[in-house]
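From first to last, the protein sequence lines are chains U and L. Sequential numbering of the first sequence, starting at 1, is according to my numbering. Sequential numbering of the second sequence, starting at 1001, is according to my numbering.
Where hints are given, some of them may not hold.
Here chain U is said to cover these stretches of chain L; the calculated rule only asks that three of the stretch's residues, wherever they fall, bring their Cβ under 8 Å from a Cβ of chain U [to be verified]:
hint, region
1, 1043 to 1049
2, 1177 to 1191
3, 1202 to 1216
Simulated pairs of lysine-lysine, DSSO-like, Cα-Cα distance not exceeding 30 Å [claimed, not checked]:
hint, chain 1, residue 1, chain 2, residue 2
4, U, Lys-101, L, Lys-1118
5, U, Lys-103, L, Lys-1130
6, L, Lys-1118, L, Lys-1285
7, L, Lys-1130, L, Lys-1241
8, L, Lys-1228, L, Lys-1167
9, L, Lys-1163, U, Lys-101
10, L, Lys-1167, L, Lys-1130
11, U, Lys-101, L, Lys-1130
12, L, Lys-1082, U, Lys-103
13, U, Lys-101, L, Lys-1228
Rather than coming from a laboratory, the hints here were simulated on the basis of the structure. From the three backbone atoms N, C-alpha and C, an ideal C-beta is built for every residue, glycine too.
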Amino acid sequence: GLDGDLRRRCADAMGRRDMPGFAIGGLSGGEEKSSFWRMVAISTEVLPKDRPRYLMGVGYAVDLVVCCALGCDMFDCVYPTRTARFGTALTSVGHSTLHLKNKEFATDFLPVDPNCSCSTCQSTTRAYLHALFINREAVACHYLTVHNVAYQLELMRRLRQSLLDQCFPTFVCDFMATAYPDKDYPQWAVDALAAVNIYLH
Amino acid sequence: VRASRKMDMSFHSLPLLGIRHGTIKCGSSVIETPGCMLYTRCCAVPHLVPEIVRELEGALLPRLTQLNLSTCYERPGVDAVKQSRRGIKPFANLQDTVTICAVHDAVEPSRFEYNEEKTVSVWTVSGRRKLTVSAHMEAMNAFQPDWFQCLSDTVVGSSLSQKRIRKSVDRTLRFLDQTLTHQQTEGVSAVPFASIQGASVLSERLRSARETAQRPVGGFIIEGLDYKEMTDSAVADLLTKTLEVLPPDKPRIIFGPRTPEQILTAIECGVDLFDTSYPYQLTEKGLALNLFANSPTTTRVGNLCQADASTVLDLNDQMYARNFQHGVDGYSYAYIHHLLQTKEMLAGVLLMKHNLQQYLRFVHTLRASIINGTYDNYCQQFRSRVKDR
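Let the hints inform the model, and build the full structure from the sequences given.
Below, the structure written as structure tokens:
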């Protein structure tokens, strides 16, 4: 849970076993973010460095980036697909969401994400998906799921590339600046990143 | 620049049987008859994104797509499509296909009680919308389909008064003439298709057919056939007599969910085109088409094994829970049953793809048998199989 000592003890004991990898749990239930990041940090600090750390049930784009910085390797989350079924698109433009069922999208002829190369963005517009959602057609969910998953995968791909290119801190800063153009960064993210020597301006 | 919508058609009749087969060339598309048009909802094949539709056998993919106002009139709606300025095909990513815009959703029963002298009611996701010929033509102008069904007062049912049936024929003709006039003045270049009415009264059917045949339309849609109340032979009789009166050089279409047996009968009467609303209807109920002699052995309660050669399988049934035969698009009946039990959306995707493939292959094979002279054999085999259940 959110008890640092217990978590440390658990991670330590688990780490002594020769496992192919370790799952970090108990942190996907909407916990208070300042506790959340500290528990992730404890887990990744204590668990063996040469095994994958799978953070279960995370998550939103910001959470993914910060938790990668804290040393997690793998994630799973219902969020991108569930939110797609409800008509919410994840977009790299501002790393924000679009609620396609809103009337404003009825005549928006842009693709969901102009930067995206997934099949949905190559073949449909926000206006068409809006129409499909209002008509309650199942295929609307499928179109948007394809895109939202592509968004997540592309985010991770670029993040990984930045690690390979040795410019991860820059990637993180750019990402946060895009997601928070008014620089109103959430305090927990600022603290978590500072803990691994990434400072947001 | 709109590509020419001129239709170049040729139909041939088998000498002894009188069964038709033909081709309709429209722009660069070739539509083979007898054949199917793709039933869509809001311009999409239900459950299937284009990548999945493309996984269907290429030769089977229809070159004609059916849209309907029930699922398009509210959203995207006339305004949004008008604003896009290029018509509904690019709006909805419909490529390389001829489009025909029907008035009603093929699977919905006609609620003609709401129709009036000057309006037809269409049921959209937001409820009832009354369309005048003007409003209908405004939509056709914005959508720019290749072909469209003219506004019509379709009535169906056994308890219709003679008066109501007559009104339906009169109104439909009036709407037709008004549509044709509108076309002239507004220059809508889509090809109009007329609806033949008359319910189950032969005299009205013939009147509707004879009058409609005199108008310059691209083809005919035989509406209001009561497959629920009338026997197959009664429907066949009505169809044959109605079609005899229509010019043979224009396509004859039936909208609505038709079983394979009903398709055979209709083709023998002289119908050219159907839609794929039937496979959709089956999918929504968790039913799978089984048209190509895939006999899944099923284990009932008490360990009685029974071969099931039905053409329609109810995969909701508990008896499929452990049937691991790979009968649905490479997936087992057990898996589809599980998906249905857990209400997973994937059930719809796999069933729709499977049912569409089966239905299209059925019609395709049927057409091939007409062309190479083995139709008699083919349909006899199929009909006897349907009988022994």
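Here's how the hints hold up against the structure:
1. A stretch counts as covered by a chain when three or more of its residues have a beta carbon under 8 Å from one of that chain; for the region 1043 to 1049 of chain L and chain U the count is 7, and the coverage holds.
2. Proximity of the region 1177 to 1191 of chain L to chain U, defined as three or more residues with a beta carbon under 8 Å from a beta carbon of that chain, is not established by the 0 residues found.
3. With 0 residues bearing a CB less than 8 Å from a CB of chain U, the region 1202 to 1216 of chain L misses the requirement of three and the coverage assertion fails.
4. A C-alpha spacing of about 33 Å is found between Lys-101 of chain U and Lys-1118 of chain L, which places the hinted pair above 30 Å, so the restraint is violated.
5. Restraint check for Lys-103 of chain U and Lys-1130 of chain L: the C-alpha separation of about 22 Å stays at or below 30 Å, so the hint holds.
6. Between Lys-1118 of chain L and Lys-1285 of chain L the alpha-carbon distance is near 36 Å, which puts this suggested pair outside the 30 Å criterion.
7. Note on Lys-1130 of chain L and Lys-1241 of chain L: the hinted pairing is violated, with a Cα-Cα distance of about 33 Å set against a maximum of 30 Å.
8. Distance hint between Lys-1228 of chain L and Lys-1167 of chain L is fulfilled; the C-alpha atoms sit about 22 Å from each other, no more than 30 Å.
9. The suggested pairing of Lys-1163 of chain L with Lys-101 of chain U is violated, with an alpha-carbon distance near 45 Å, which exceeds 30 Å.
10. Proposed proximity of Lys-1167 of chain L and Lys-1130 of chain L is supported: the alpha carbons are some 18 Å apart, at most 30 Å.
11. Taking the CA atoms of Lys-101 of chain U and Lys-1130 of chain L, the gap is about 25 Å. The hint holds against a cut of 30 Å.
12. Note on Lys-1082 of chain L and Lys-103 of chain U: the hinted pairing holds, with a Cα-Cα distance of about 16 Å set against a maximum of 30 Å.
13. Distance check on the hinted pair: Lys-101 of chain U and Lys-1228 of chain L sit about 38 Å apart at the alpha-carbon level, beyond 30 Å; violated.
Checked against the numbered hints given earlier, the structure breaks hints 2, 3, 4, 6, 7, 9, 13 and satisfies all the rest.
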